[in-house]
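Novice: Taking the hints into account, I'd like the entire structure generated from these sequences.
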Amino acid sequence: MKTANAGSDSIHVGNGVEETAELRTASIATVKQWLLEERPELQIPTESKLILYFLRTTKYNIEKTKQKMSTFLKNREKLTEWFKDRNPRRPEIQELLDIGVFLPLHQKDALNRQVVIIRTSAHDPQKHKQDNVFKVDKMILDLLMYLDETVSIHGVVAIFDMQGVTLGHALQLSPAMIKKSFMSAKMKERVTISRKGSQMENLITLPRELGGSGESYQQLAEHWKETVQANESFFAQMEQNVFHL
1 MKTANAGSDS IHVGNGVEET AELRTASIAT VKQWLLEERP ELQIPTESKL ILYFLRTTKY
61 NIEKTKQKMS TFLKNREKLT EWFKDRNPRR PEIQELLDIG VFLPLHQKDA LNRQVVIIRT
121 SAHDPQKHKQ DNVFKVDKMI LDLLMYLDET VSIHGVVAIF DMQGVTLGHA LQLSPAMIKK
181 SFMSAKMKER VTISRKGSQM ENLITLPREL GGSGESYQQL AEHWKETVQA NESFFAQMEQ
241 NVFHL
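In the UniProt record's numbering, the protein residues as written are 1 to 245.
Note that these hints are calculated values from the structure, not bench results. Here the structure is a predicted model, which is why all the values come from computation and not from measurement. Careful, some of the hints might be misleading.
EDC-like cross-link-like pairs, simulated, lysine to aspartate or glutamate; straight-line CA separation at most 16 Å [said to hold, decoys possible]: (1) 78 / 131; (2) 225 / 95; (3) 129 / 92; (4) 84 / 232; (5) 108 / 148; (6) 225 / 142; (7) 138 / 77; (8) 84 / 137; (9) 127 / 95; (10) 108 / 215; (11) 74 / 41; (12) 138 / 92; (13) 49 / 149; (14) 225 / 92; (15) 84 / 239; (16) 49 / 148; (17) 138 / 85; (18) 68 / 38; (19) 138 / 81; (20) 108 / 149; (21) 74 / 38; (22) 74 / 239; (23) 59 / 18; (24) 84 / 131; (25) 127 / 92; (26) 32 / 63; (27) 78 / 239; (28) 84 / 142; (29) 225 / 215; (30) 225 / 137; (31) 32 / 47; (32) 127 / 98; (33) 66 / 37; (34) 66 / 38; (35) 138 / 232; (36) 129 / 81; (37) 138 / 239.
Specialist: Have a look at this one:
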């Protein structure tokens, strides 16, 4: 598991904010106390990685952290089609893992951000539900944040591979689906739609299908299927308590 603070007294998280052990401990305790006042049934560990993730993404703005965590918890409870029944052995999840609809690369970009390939048209819209595609996307993203703590500091940049998009794929994205999957302004800034010959090819080693010399989609899909399956207990624990993240 990659950690962000090994060998360092402080971590720069952006906007001139330096994360120290003292700031981290005090801020987690403050947010935890607020959460338990609002939701006393929550089971929150002392060193909550989930709270730490939101503190880092907001540059330790306590009020913004509270707002984001409130929205996060509501969505996890409301959107059961994405966040329940996430056993990676389920047939519908196995199929999408085999296809490779959401593929994090091993190499980070120049800003040390995690790069992910989102293959919007890899699945068969006649066979695979869009909700299950989103479920697998979010399963891998949850696991990625759990395995690599640096993602909470540097963020994620997404490359959408839209080769082969059909009307069937477009029709899956109903107004309700688009609304619930709507990205924040900050996330939009981190999304890149790349075409062959674009500048992105010079910044990272892309998969072969995108004109690069990196691992193929199949190799990446096999790696992430194996990784997801090896962490089956993680998803079971997440369903019981989201603060396992």
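Novice: Please name the hints from earlier in the document that this structure breaks, with their numbers sorted from lowest to highest.
Specialist: Violated hints: none at all, because every hint is consistent with the structure.
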